[in-house]
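J.: Spelled out from the first residue to the last, the chains are:
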Amino acid sequence: MEKHVVIIGGGIGGIATAYNLRKLDKNLKVTIVSNKPYFGFTPAFPHLALGWRRFEDITIPLAPLLPRFNIGFINEAAESIDPKSNKVKLRSGKEIEYDYLVIATGPKLVFGAEGQEENSSSVCTAEHAMETNRKLQEFYQNPGPVVIGAIPGVSCFGPAYEFAFMLNHELVKRNIRHKVPITYVTSEPYIGHLGLGGVGPSRRMMEDLFAEKDIKYITNVKVTKIEKDRVVYEDLDGNSQELEAKFTMFMPRFQGPEVVASAGDEVANPMNKMVIVNRCFQNPTYRNIYGVGVVTAIPPVEKTPIPTGAPKTGQMIEGMAMAVALNIINDIHNSPDRYAPTLAAICIADMGKEAAGFIANPVIPPRAWVKTKKAKWVHYLKTAFEKYFLWKVRRGDIAPWFEEKALELFLHLKPAEPCKDCEGAPGSRC
Amino acid sequence: MEKHVVIIGGGIGGIATAYNLRKLDKNLKVTIVSNKPYFGFTPAFPHLALGWRRFEDITIPLAPLLPRFNIGFINEAAESIDPKSNKVKLRSGKEIEYDYLVIATGPKLVFGAEGQEENSSSVCTAEHAMETNRKLQEFYQNPGPVVIGAIPGVSCFGPAYEFAFMLNHELVKRNIRHKVPITYVTSEPYIGHLGLGGVGPSRRMMEDLFAEKDIKYITNVKVTKIEKDRVVYEDLDGNSQELEAKFTMFMPRFQGPEVVASAGDEVANPMNKMVIVNRCFQNPTYRNIYGVGVVTAIPPVEKTPIPTGAPKTGQMIEGMAMAVALNIINDIHNSPDRYAPTLAAICIADMGKEAAGFIANPVIPPRAWVKTKKAKWVHYLKTAFEKYFLWKVRRGDIAPWFEEKALELFLHLKPAEPCKDCEGAPGSRC
Amino acid sequence: MEKHVVIIGGGIGGIATAYNLRKLDKNLKVTIVSNKPYFGFTPAFPHLALGWRRFEDITIPLAPLLPRFNIGFINEAAESIDPKSNKVKLRSGKEIEYDYLVIATGPKLVFGAEGQEENSSSVCTAEHAMETNRKLQEFYQNPGPVVIGAIPGVSCFGPAYEFAFMLNHELVKRNIRHKVPITYVTSEPYIGHLGLGGVGPSRRMMEDLFAEKDIKYITNVKVTKIEKDRVVYEDLDGNSQELEAKFTMFMPRFQGPEVVASAGDEVANPMNKMVIVNRCFQNPTYRNIYGVGVVTAIPPVEKTPIPTGAPKTGQMIEGMAMAVALNIINDIHNSPDRYAPTLAAICIADMGKEAAGFIANPVIPPRAWVKTKKAKWVHYLKTAFEKYFLWKVRRGDIAPWFEEKALELFLHLKPAEPCKDCEGAPGSRC
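Chains as they are written, first to last, in full-length UniProt numbering: chain A, 1 to 430; chain B, 1 to 430; chain C, 1 to 430.
Rather than coming from a laboratory, the hints here were simulated on the basis of the structure.
Heads up, some of the hints might be wrong.
The list cannot tell twin chains apart, which means a pair is met if one copy fits it or any two copies do.
[Stated by the list, open to error] Straight-line C-alpha distance at most 20 Å; calculated EDC-like pairs for lysine to aspartate or glutamate:
1. Lys23 <-> Glu212
2. Lys179 <-> Glu423
3. Lys216 <-> Glu302
4. Lys179 <-> Glu417
Sequences are here, hints too, so could you generate the full structure?
T.: Have a look at this one:
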């Protein structure tokens, strides 16, 4: 009988898994359930916030797209999962049965500081980014101090750095930079930590970049409160201090959304409601449930004085999507072969005319190698990658052979590798 | 009736203001009063001290020069200013009446550490530099430890760095460097601070340069006493320490000279006797008095544990001279337009074969941008600029159109910009 | 009567002195006494340990070599020296009389941490390096944490850095680097100190390199105990901590060997049994005894919290061999001219595909200049130098004219210079 794979989420993780499954098996029934009508290229949301991209530049409507590749699309929120009866219940009440379930919802955003949701901006969704753009238009008319940063528990710091650098660039272009003191306030123990314990000399590189761009920084603190005109933070000794701010952008914490929580404690990590997975990104209890992307529970790279988490970057998510697709297909065909993503992180922080790139391979130390580079061509590389990725999504193939070849040839990177023993924490060695 | 502008001082500030006025108004009566018979290119005084330039290479006699551009020259010290009756009294007792007065005297040097004037060297005037050169000739015969640095309250650190690097270069050339431990002792909180709160990654750059050149450094201290063979300094806890020294060069503090003080507390800042000016470098009380150059009272960039001040570099002084000339001409013609200098600092510390350059734009943070560069071509640039500036002085035009174009084209810098509201601290935003 | 120079030691120092003597005087009787049958190129022992060189690649048998240059060779251990009767006693009981004695034995290795000799590896002799290679083959099968470093009192840190970088490179090549946390534990106050008080910006350079290669470091500690599976170290407060380790490589302390001690306290420094020498590397008491190489007593560059010593690098040893040969020949010919080595240190730490090079000129500060460079070509330079040096040894001329020219031309370095006053600590100025 034909198997049915249901994927919740139509972002990078969901789309990549669907396309990989389709590529591996022409006849498999694949359905994407998503509350959003479009695919959005998340790494370009800061660009959307700054007006450097339009919404239509970096999103693709899913309804006309997915049927072309014989992938079902239900544009509705998934409300709950019943892992025992293999069913997903939609908001409308409708139930879908699955043989395999891939949870790729992306995170629920937790604006953990008092007043953060009302008073601060975000670039985590396309809608937030567009709202941020509206706020910035007003701000440009009447500029003042800017505070950008990350609250405790954040795992995704890259966009905060990127946004700080990009806003700096925009303000210089608008010739109002000298009216805008910019401060970066973070839960990281030092700048350049990135939730990764640093990537090679990333600390020194960021310190130099911040000095060069005249961005001040306050590290190792808990932002507790964000008001209309100030940011309050607490240091490790519990002393409270505040900064004046006319515009703020703070990264929220990520959690698993309610639909994951609904599946119970064996699917949702009780701590953060993210999907519990093993090395092969399969749930250890319900072995037909998989997790892909930011919604999966990966342990932090290292313990920090103020809690931080490990980011899940595009390259890592593509690796998960590759491994999960291979694992589902192997399971269907009763093959014992399993795959685990290698979890090498490629992060590129755009800065307007140039960009800073980091590769940590693998994300979890000890690392075989790291690379860091600040250059103009890295900026163009990031832009080119955006166009390339959107082209891949339109074309229905997320892992073309030449990409794999290029990664192997130039970086000796494979997104996923055979794994003899799937049991163990994601990212630990097979 | 023809207006009379009297300028006290024949250095970069005075000459530049006079030339700008002449350029803007062919018929204005302009008189320079200076106790020195020559124009001296201050940034090359360290080179004079090391014997890399002769006195005649970097100075131009004013008596034959100024009349060619229809600028009066009185080679006499100005003794006092009576702002109420618009008169300047000269040492000879002669009085000159002015419609506008530009104070561009340069600083009075305050050798604030005990014994500094007798036992230490200076490169702040051509005469001091030549005396320093004589002392160095003796030193080379019998070398030993060298201490270079800055006492508390110094605002001009560049020449101390430059002199340390240049002396190092000279000692290497003379093959006696291994007999000369060099130590840099400063009131700056860290090296590379420069009275500017640093310029981008200037701290790291200077730390690397000092390590490379084997120059030790002691920062954040007050030099209290300079003897023939030792330097005594005090740390923040008041503990005294000393260093052996066979040759020393210490930057003095800058104050306004007596002639400024004579004008009373509404012209001379009671703290340091420097000229009180607004954003447009006009005295707020006597609005026909202007200040240009090092003699103007600019607030420090930031408070430091041991007091330091903000330097006024050549580019800043050219900006002041441009703004002040425009403001006087506009005032004469009853135009309400006023200008303020943008105060972007370009500092180049020569090191013999290479040089370290810093641009802070603007000097007062937040900064739109900064640039730092260490290279051989920066050394040649500094040398070329010296020849170019002296050529401009001989030619009678300090702000030729192509210079303005070049600054705008390559650095997006304008020396002065229209200012709608002149009231406010110099350097603050119009 | 023909004079007889006896040289104890057939390493870089002994061979270089012998060849220089032969070059300066065709008829002098020169005898090398060594317990080893071969010359070994010490700087390549880490390469031997990693299997990047074979034993025969970097060693040359002395018995067939030395007679070609009319240099006697006695392949036997020297047991004692009687400086009063000018005799060296060999292990066999045989005695050799000398007119001049050059002690160039190299060091006695002191494995000062408990268990170091049994449980740790070494690259200080060819035999140790080959044993280390055998241990590494096992380790590759079953990898785990690696700890590399230096115990208190070490003077030669370069090979520890080099070995850490090279092992990292080998592990990356073998695709097992991600299974091997590497930690560098040292008595140096910071990494990049190298027993030299740093070489220009070597600290920053090493911190960046360690970050890039994901090598952790613990500095300013005493390693007290090395067990099969752990390393125990003590910080300055006496607190003990330990690190898990599956493979360790620790540099031992260097002392003078027993044969030096046997010559009594006027030849052997009572502290470390190394040869007491003056600036000209002559023993101040027995003036026909000279020291060359690692066995000479040179004071540390600076006092460090945990004791460290100054390294004696290849270039320094070549300088000593040059000066000592000139001094002996001058003494024989009753010329008052004497020479002292300039003691400029050239260190190159190979890292596999690239290398980090440091030049400190001179080793003892103040330094005329330093150079640091990390590049691929430095790796090739080191490899080329190895081949070149071995070619020089085979050819019988250790200081060809073109080498001297090249050093002078490109680095303004001379290995030895005339010295008017030999009395004074080695490395101090004549």
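J.: For each hint given before, does the structure comply? Return the numbers of the non-compliant ones in rising order.
T.: 1
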